[in-house]
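Enquirer: Residue numbers (our numbering), protein chains in the order written: chain A, 1 to 808; chain B, 1 to 111.
Don't read these hints as lab results, they were simulated from the structure.
Some hints here could point you the wrong way.
Said to hold, decoys possible - The calculated DSS-like cross-link candidates involving lysine-lysine, where the alpha carbons are at most 25 angstroms apart (straight line), are:
(1) A:K603 - A:K656
(2) A:K144 - A:K186
(3) B:K35 - A:K5
(4) A:K2 - B:K106
Below are the chains, spelled out letter by letter.
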Amino acid sequence: MKIVKAFFSLAITLALIWALQTKFGDIPPIGKFLNPATGFWQNAESKNINAAEQLKLKGLQGEVTVKYDENRIPHIFAENEHDLYYAQGYITARDRLWQLDIQTRSASGRLSEVVGAKALDVDRYHRRMGMVYGAENTLKGMMKDPVMRAVVNAYTEGINTYVRQLSKKDYPIEFKLLDYAPEEWKPINCAFLLKLMSETLAGGTNELSMTNVLNKFGAKVTNDLFPDYPMHESPIIPVGTKWDFKPLPIPAPPAAFKAQMLTGMKMKDRVEGIGSNNWAISGSKTASGYPILANDPHLDLTFPSIWYQMQLSAPGVNVYGVTLPGAPCVVIGYNKKISWGVTNVDADILDWYQLKFKDESRNEYWYNNQWNKVTYRIEKIAIKGQPDLIDTVRYTRFGPMVYDNAKMGEGHDNIPIGNALKWIAHDESNDIKTFYLLNRGSNYADYREALKFYNAPAQNFVFASADNDIAITPNGRLPLKYKDQGKFIIDGSDPANDWQGFIPFEQNPTVKNPPRGFVSSANQSSTDPTYPYYINWQFAPYERGKRINDRLGAMQKATADSMRVLQTDTYSIRAQDILPTMLKYLDASKLDENQLAALEILKKWDKFFDADSEGASVFANWWTRFYRATWNDNFSDKQMPLNWPSMDRTEELLLKEPNSAWFDNKKTPMKETATDVLSRSFNLAVDGLIKKHGKPGNWQWGKVKKFEVRHLANIPGFGSGNFASGGTGSTVNALTEGHGPSWRMVVQLGPQVKGYGILPGGQSGNPGSFFYDDMLPTWKDGKLKELLYLQSPAEKSARIKTTLTLSK
Amino acid sequence: MLLALILLLAIISAYILPWWAACILAFGAALLLGKTSKQAFWSGFAGLGLAWLALALLKTFPNENILATRVAQMFQLPHWTLVLLITVLIGGLVGGMSALSGLLVKRVFEK
Numbered sequence: 001m002k003i004v005k006a007f008f009s010l011a012i013t014l015a016l017i018w019a020l021q022t023k024f025g026d027i028p029p030i031g032k033f034l035n036p037a038t039g040f041w042q043n044a045e046s047k048n049i050n051a052a053e054q055l056k057l058k059g060l061q062g063e064v065t066v067k068y069d070e071n072r073i074p075h076i077f078a079e080n081e082h083d084l085y086y087a088q089g090y091i092t093a094r095d096r097l098w099q100l101d102i103q104t105r106s107a108s109g110r111l112s113e114v115v116g117a118k119a120l121d122v123d124r125y126h127r128r129m130g131m132v133y134g135a136e137n138t139l140k141g142m143m144k145d146p147v148m149r150a151v152v153n154a155y156t157e158g159i160n161t162y163v164r165q166l167s168k169k170d171y172p173i174e175f176k177l178l179d180y181a182p183e184e185w186k187p188i189n190c191a192f193l194l195k196l197m198s199e200t201l202a203g204g205t206n207e208l209s210m211t212n213v214l215n216k217f218g219a220k221v222t223n224d225l226f227p228d229y230p231m232h233e234s235p236i237i238p239v240g241t242k243w244d245f246k247p248l249p250i251p252a253p254p255a256a257f258k259a260q261m262l263t264g265m266k267m268k269d270r271v272e273g274i275g276s277n278n279w280a281i282s283g284s285k286t287a288s289g290y291p292i293l294a295n296d297p298h299l300d301l302t303f304p305s306i307w308y309q310m311q312l313s314a315p316g317v318n319v320y321g322v323t324l325p326g327a328p329c330v331v332i333g334y335n336k337k338i339s340w341g342v343t344n345v346d347a348d349i350l351d352w353y354q355l356k357f358k359d360e361s362r363n364e365y366w367y368n369n370q371w372n373k374v375t376y377r378i379e380k381i382a383i384k385g386q387p388d389l390i391d392t393v394r395y396t397r398f399g400p401m402v403y404d405n406a407k408m409g410e411g412h413d414n415i416p417i418g419n420a421l422k423w424i425a426h427d428e429s430n431d432i433k434t435f436y437l438l439n440r441g442s443n444y445a446d447y448r449e450a451l452k453f454y455n456a457p458a459q460n461f462v463f464a465s466a467d468n469d470i471a472i473t474p475n476g477r478l479p480l481k482y483k484d485q486g487k488f489i490i491d492g493s494d495p496a497n498d499w500q501g502f503i504p505f506e507q508n509p510t511v512k513n514p515p516r517g518f519v520s521s522a523n524q525s526s527t528d529p530t531y532p533y534y535i536n537w538q539f540a541p542y543e544r545g546k547r548i549n550d551r552l553g554a555m556q557k558a559t560a561d562s563m564r565v566l567q568t569d570t571y572s573i574r575a576q577d578i579l580p581t582m583l584k585y586l587d588a589s590k591l592d593e594n595q596l597a598a599l600e601i602l603k604k605w606d607k608f609f610d611a612d613s614e615g616a617s618v619f620a621n622w623w624t625r626f627y628r629a630t631w632n633d634n635f636s637d638k639q640m641p642l643n644w645p646s647m648d649r650t651e652e653l654l655l656k657e658p659n660s661a662w663f664d665n666k667k668t669p670m671k672e673t674a675t676d677v678l679s680r681s682f683n684l685a686v687d688g689l690i691k692k693h694g695k696p697g698n699w700q701w702g703k704v705k706k707f708e709v710r711h712l713a714n715i716p717g718f719g720s721g722n723f724a725s726g727g728t729g730s731t732v733n734a735l736t737e738g739h740g741p742s743w744r745m746v747v748q749l750g751p752q753v754k755g756y757g758i759l760p761g762g763q764s765g766n767p768g769s770f771f772y773d774d775m776l777p778t779w780k781d782g783k784l785k786e787l788l789y790l791q792s793p794a795e796k797s798a799r800i801k802t803t804l805t806l807s808k
Numbered sequence: 001m002l003l004a005l006i007l008l009l010a011i012i013s014a015y016i017l018p019w020w021a022a023c024i025l026a027f028g029a030a031l032l033l034g035k036t037s038k039q040a041f042w043s044g045f046a047g048l049g050l051a052w053l054a055l056a057l058l059k060t061f062p063n064e065n066i067l068a069t070r071v072a073q074m075f076q077l078p079h080w081t082l083v084l085l086i087t088v089l090i091g092g093l094v095g096g097m098s099a100l101s102g103l104l105v106k107r108v109f110e111k
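Please work from the sequences and hints to get the whole structure.
Expert: In structure tokens form, the structure reads like this:
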């Protein structure tokens, strides 16, 4: 009896301990997670911070001093370059280790390893589109360059020094939640980060949905609805800029080709609203007589922030700005002499080639009048709790065949034709070198030299210097193509469809010190149609660019604060362009009480998307419903995805062709015009607002538009929670659906450079840190903080709270 | 006496050993000092529970409970003190069961 009792008691105890150590589904192992010795309680950082800290680290060559300011931004002073990038790696890992891990896992298709089969789709997609293949090629390019090899290796060493000394209780909380351990960093992970940026900024595609449009409506309609240059535009390189080079011969397009294979794996759609602003104004327009540069890259806003602020100083370099955790050097920032920033170009650097295979085995494809063999790449995907998945990807001269019918197609197994992906991010490159050189640059010539090394994703590099130069260059490796090559799926059998080399770097569009006294970009068309080469047929809508150019054009005696005001500007050019016409067509005599109230609100609206604006809510809802009602009957197709005409084309239709057949709803017997669609969508918009938010008077834009900064893995409780904010995708302050200014920076050049900036979050990636979200309130208020740019480790500042000394 | 020993061992071991080491120690302590089932269980419960309470409070007070509050939201609990309560109850339960097992095993070998 005693034995039975003892046995049961022991069995229950052991079972309990086992259960507390084990992860069930998405619930973390409760004992591991809750016990205060190694569980999450250990991640609760104390409010009391030591003023001085010393660490001995293996691998350092000299001594490194790290000064942390009141926002826990590190100011790193090293005695040599090795130690500088070593310290950058070490310090970044201390604050952002889980981010480093999860970004790499996502890019390299290794999420399933830690979260199981639910991530298999996205892993497989990343493997099959060639993320690993591209990263391997990029790594080759970086390692060929002795300088960059040393930088990347030192950075890697720094991260690994931190990882190796980490005990279980110090693991970032996300590791404890998902129940896995950090692993060592590898140089290729730096390349993975670049691939991830390429995927975000240049990995979207609409070739398939455009080809479907072409097949459904024919060339005439397609050309009419999807023009190669918008009605409204204010291009990055000012109209009238002379192209002082002799262009290469433009490749000739082959005979017309229409792809037939219209099924496909769902790629990421192109997302409108992922964009950015940057500009620089010349000293002739500023109060100080020296240029001012501004940049706010719009990306997914998350905790931790995509950016990490740093000052990096060693003999030969002293630079301040934001870094991407996972890559050495400052990406956007300034030094004593120059400042630079980036926005996305949106160049067409991703194309689909339709292949004709010899037989079902798909081992040979037709190209240049002969059969060519594919090569095979094996992708092994580890899955938690399941056997590994071995995936074979066929590679052609263009790139990988992403869509493999036999394995992935549903109901299309009989179609022996796949598409090969050609993507600039597959190529060998040495992009980080550009930032390495910019960090050390001191004038315009250095800027131009640095840009040569940059491959992808193509960026508009804005520049200003203390020498009173300003410039902007849509830059990257841009393929030499015939016009519209890649607007649709391309015939992969005809060599005329190859990329015929690249636009020479010197002939990428660029402008220096234009007469208007400023340069700017907001992802709109790089140039007007006089530029000899084809970059893309579509860019982001022009509204942000237009507003920036209007404001900068009018500005005199500008200060850093004028730039801040412009960065947070919410004036709607779209409303300015079309609202008067929309109102003109609306018949007030047919409106009920609420609708009349809404109309009154609109008439009084100042066209700013402020958080407390009701007019913004009415306009945004009305326009969105109008846009959808216009195209829905023709462009919603359950059988195949169709690309929808742009906002710009829709505006043009409304302004110039209100009786166009496109406004007629095919599902009704009547023949509708723009007036009918406007009237119906206005009523629906008002009804919708009342249903969701109550009577007029409760429709503040900040309430209607939900906005929050989420945790990177969307863990509830780890985000900011919903908050009211102004702005929308088409205003300069482009806050929409979790995207927005992920870093706002303004730099006043001159004898004494002054930088201002703010992150929508904090430096620390730890939800248990006081520096996890400490900068968010300032960012929400639309304010900037003066950045602390120290000239030496000895420089005194009341803002320095902690000094960390690293030595061997 | 048993309670004091388990409490002490649980706190010391937390800094150097995995959390379940405290269960083995509670087991061992009850093996030595256990008298009745009730005494053993509640000593283990209070010993480990109080140790976990103290260790958690030591971390969360200087943190102004910001992390505990976020974790409470993650578990959809209205207040961080509930996370603390669950932590203490789980520590107590596993500590109590360990000590009880220690006592019952001891009894097998008695007489």
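Enquirer: Please write out, lowest number first, the hints stated earlier that are contradicted by the structure.
Expert: none
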